[in-house]
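Colleague: Listed here are the chains, written in short residue letters.
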Amino acid sequence: MTIEYENIAVRLGGKDILTGTTLHSHENKIVGIVGANGCGKSTLIKTTFGIVPYHAGEIRIDGKSIREFTPRELAAMIGYVGQEASCAFDFSVTDVVAMGLFARRDKSKQHKKEIVAAALEELGISQFADRSIQRLSGGERKMVFIARAVAQGADMFILDEPTNHLDISHQLFVMDYLKKAGKTTLIVIHDLRLATHYCDYLYMLSDGVVFAEGPPLEVLKCENVRHVFGVHGFAGVSTQGVLDFSLFECGELGCISEIHEVHEHEVHKDHAAYSAHDSETIS
Amino acid sequence: MKLKAWHTFLFVFLTALMVVSVISTVSIGATKIPFQDVYGVIIDKVFNGGEKIAAGAYETSQYKIIWQIRLPRTLFALCVGAGLAVSGAAMQSLVLNPIADPYVLGVSSGASAGAAIALLAPIAFMEGQRQTTAFAFVGALAAAFVVYFLAKRAGGGKLQPVTLLLAGTAVNAVMGAITSYLVFKARSPEGIAAVYNWQMGAIAAAQWKTLSIPAVLVTAGTVAFTCMGSRFNMMMMGDEDAAAMGLRVRLFRSVMFIVVSIVVASLVSITGIIGFVGLVVPHVVRLFSRTSDNRIVMPMSALFGASYIMWADAYARSVHGASELPIGIVTAFIGAPFFMFLMIKNGYGGSRKK
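Protein sequences, first through last, are from chains A and B. Okay, so the first sequence: first residue is 4 according to the numbering used here, each after it adds one. Okay, so the second sequence: first residue is 659 according to the numbering used here, each after it adds one.
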């Protein structure tokens, strides 16, 4: 199952946010969307559920316009997690995750319990099941919201900065989870190192249009990063192909893409193994 | 105790409390009527078609006080309490604001303006009380209508919690100004007093025949809100999340606003403004039930709100002898301090204890 955004144009408050953005997810792959703050990344994915209206273009799921689906049918196909992970009211973690079941047709009570328990288990937050959502930290809450999307049982994920609020081990946990889940995934992501590691394909947005697209290391070329973010480099992939916190100065150490050329085979080895390695390096 | 068992206990307790409250508050008043007589009359009338009463088992005057004066009033108080409380819970979910009340849509100020027009009009269009009720009802719905479209316009076609609250504030101010202007220009002191009294709320006007509409609306509203509980829960997570979970957010909010407005307008147009019920009761319920789950909070709010207003009315009509205390004063005196207590306890504004 794939989702495609075709020439999406969004105008909010008289300001053009997106001006014909075209972007496709890849079957069972993680596609990342990167770009500077305010370039329209979140706006684009928010058009999916009509949270942000678009005045031109079309969104299609497996070639079929999303206007042909009811919101509930959409929710059964797409597990969406927004950027904010807060709630003004008091719900137990189980209650929040169980809300995801609204999208499902299967209504048997026992089955519901199992789905919720399984979702909590998968995200490793079973111990919070009876805790109040308000008494969790921002990162823990984020995990709960992802679990809710999992409980929707959708074949696709769309996530707006899934690693935001999370500590490094949970960032890797979530990204590994998404990788393992192997669903068609679209994520807005700010951390270019994680993007390099986990995304199979990247879209780089700039001023509401796609500025570059392709495999991560091609997209995150020096000139692109400089153009879009106005910085000369970022803490990137080291020559060992694991997370490295040194800053790659363009022009001094060379561009990311050059490193990529040398170590492509290593970078694209088994991701699970890499993140295990990562955790070790970090702890 | 497991939360589920606790909820069952609370339901049983609140239902029992409501039933006991009906009988107890009927027995309270200027003439004290024994508990068992009240019970006897109600049981006889409901289950035996009033055989014993016809046979003269109870004094006619007592029977009349119980059946024709106090019981309709108590049952109306029950409806008002249940309706305001459940509407408050619904409104808090719809505008994503735990300190919203059923009046945020301008229903109360619109009703006031309508009532002021009716009470101060130089000529009567309808028979006394009915004119006030009709005008207040129209005023309430008109205000809600204006707030709704103002908010929709300001939100670029979308109903958003913040614009709704702002639109509500603006319309409340305008309606308040209309009421004040009418009072200022009014000639008769009686009319001014009537407007003033109306704004403080009273259950007094209830009769069997005026009871049916509010009773039906409140019952339907409570049942509908409870059945929609899981949808209200989703609304509480915010528009983005609710939409992503498959809810038609805008449609749901619009329809529910209309339902809440009609329920509240039907009550307020008869009673005048009774504050701090829709605001405080759902909070008390959330506090004791230890959840915000609307499938629990909605019915419990209705039950608790019903008992609360029955007692508040019993107090209002008995504490001051012949002249009744306006019930709005009672609910404000109890509700407002309690609200302050909740505010400090829950730490709204960010000091919530982890």
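Errors might be hidden in some of the hints.
Chain A regions said to be covered by chain B (calculated; three or more residues, Cβ under 8 Å) [unchecked claim]: (1) 70-81; (2) 180-194.
A few chain B residues facing chain A, derived, Cβ under 7 Å [to be verified]: (3) R845; (4) E848; (5) M894; (6) M895; (7) A901; (8) A902; (9) M903; (10) L909; (11) S950.
Listed below are the simulated DSSO-like cross-link pairs for lysine-lysine, each with C-alpha atoms no more than 27 Å apart in a straight line [what the hints assert, rightly or not]: (12) K183(A) x K115(A); (13) K1003(B) x K116(A); (14) K660(B) x K690(B); (15) K690(B) x K115(A); (16) K816(B) x K115(A); (17) K703(B) x K1003(B); (18) K703(B) x K867(B); (19) K703(B) x K690(B); (20) K1003(B) x K662(B); (21) K186(A) x K116(A); (22) K810(B) x K112(A); (23) K183(A) x K116(A); (24) K722(B) x K867(B); (25) K810(B) x K18(A); (26) K816(B) x K18(A); (27) K662(B) x K116(A); (28) K662(B) x K690(B); (29) K112(A) x K660(B); (30) K224(A) x K32(A); (31) K186(A) x K32(A); (32) K116(A) x K67(A); (33) K32(A) x K183(A); (34) K710(B) x K722(B); (35) K867(B) x K690(B).
For the record, the hints were derived by calculation from the structure and aren't laboratory data. As the structure is a computational prediction, the values presented were derived from the model and not from experiment. Every residue gets a Cβ at the ideal spot worked out from N, C-alpha and C, and that includes glycine.
Colleague: State for each hint whether it applies.
Modeller: So, going through the hints one by one against the coordinates:
no.: 1; hint: 70-81; in the structure: holds (count 8)
no.: 2; hint: 180-194; in the structure: violated (count 0)
no.: 3; hint: R845; in the structure: 48 Å, violated
no.: 4; hint: E848; in the structure: 46 Å, violated
no.: 5; hint: M894; in the structure: 5 Å, holds
no.: 6; hint: M895; in the structure: 6 Å, holds
no.: 7; hint: A901; in the structure: 4 Å, holds
no.: 8; hint: A902; in the structure: 4 Å, holds
no.: 9; hint: M903; in the structure: 5 Å, holds
no.: 10; hint: L909; in the structure: 9 Å, violated
no.: 11; hint: S950; in the structure: 4 Å, holds
no.: 12; hint: K183(A) x K115(A); in the structure: 23 Å, holds
no.: 13; hint: K1003(B) x K116(A); in the structure: 33 Å, violated
no.: 14; hint: K660(B) x K690(B); in the structure: 42 Å, violated
no.: 15; hint: K690(B) x K115(A); in the structure: 54 Å, violated
no.: 16; hint: K816(B) x K115(A); in the structure: 33 Å, violated
no.: 17; hint: K703(B) x K1003(B); in the structure: 46 Å, violated
no.: 18; hint: K703(B) x K867(B); in the structure: 17 Å, holds
no.: 19; hint: K703(B) x K690(B); in the structure: 20 Å, holds
no.: 20; hint: K1003(B) x K662(B); in the structure: 24 Å, holds
no.: 21; hint: K186(A) x K116(A); in the structure: 23 Å, holds
no.: 22; hint: K810(B) x K112(A); in the structure: 38 Å, violated
no.: 23; hint: K183(A) x K116(A); in the structure: 23 Å, holds
no.: 24; hint: K722(B) x K867(B); in the structure: 16 Å, holds
no.: 25; hint: K810(B) x K18(A); in the structure: 19 Å, holds
no.: 26; hint: K816(B) x K18(A); in the structure: 17 Å, holds
no.: 27; hint: K662(B) x K116(A); in the structure: 15 Å, holds
no.: 28; hint: K662(B) x K690(B); in the structure: 40 Å, violated
no.: 29; hint: K112(A) x K660(B); in the structure: 19 Å, holds
no.: 30; hint: K224(A) x K32(A); in the structure: 21 Å, holds
no.: 31; hint: K186(A) x K32(A); in the structure: 6 Å, holds
no.: 32; hint: K116(A) x K67(A); in the structure: 33 Å, violated
no.: 33; hint: K32(A) x K183(A); in the structure: 10 Å, holds
no.: 34; hint: K710(B) x K722(B); in the structure: 14 Å, holds
no.: 35; hint: K867(B) x K690(B); in the structure: 25 Å, holds
Consistency note: the structure conflicts with the earlier hints numbered 2, 3, 4, 10, 13, 14, 15, 16, 17, 22, 28, 32.
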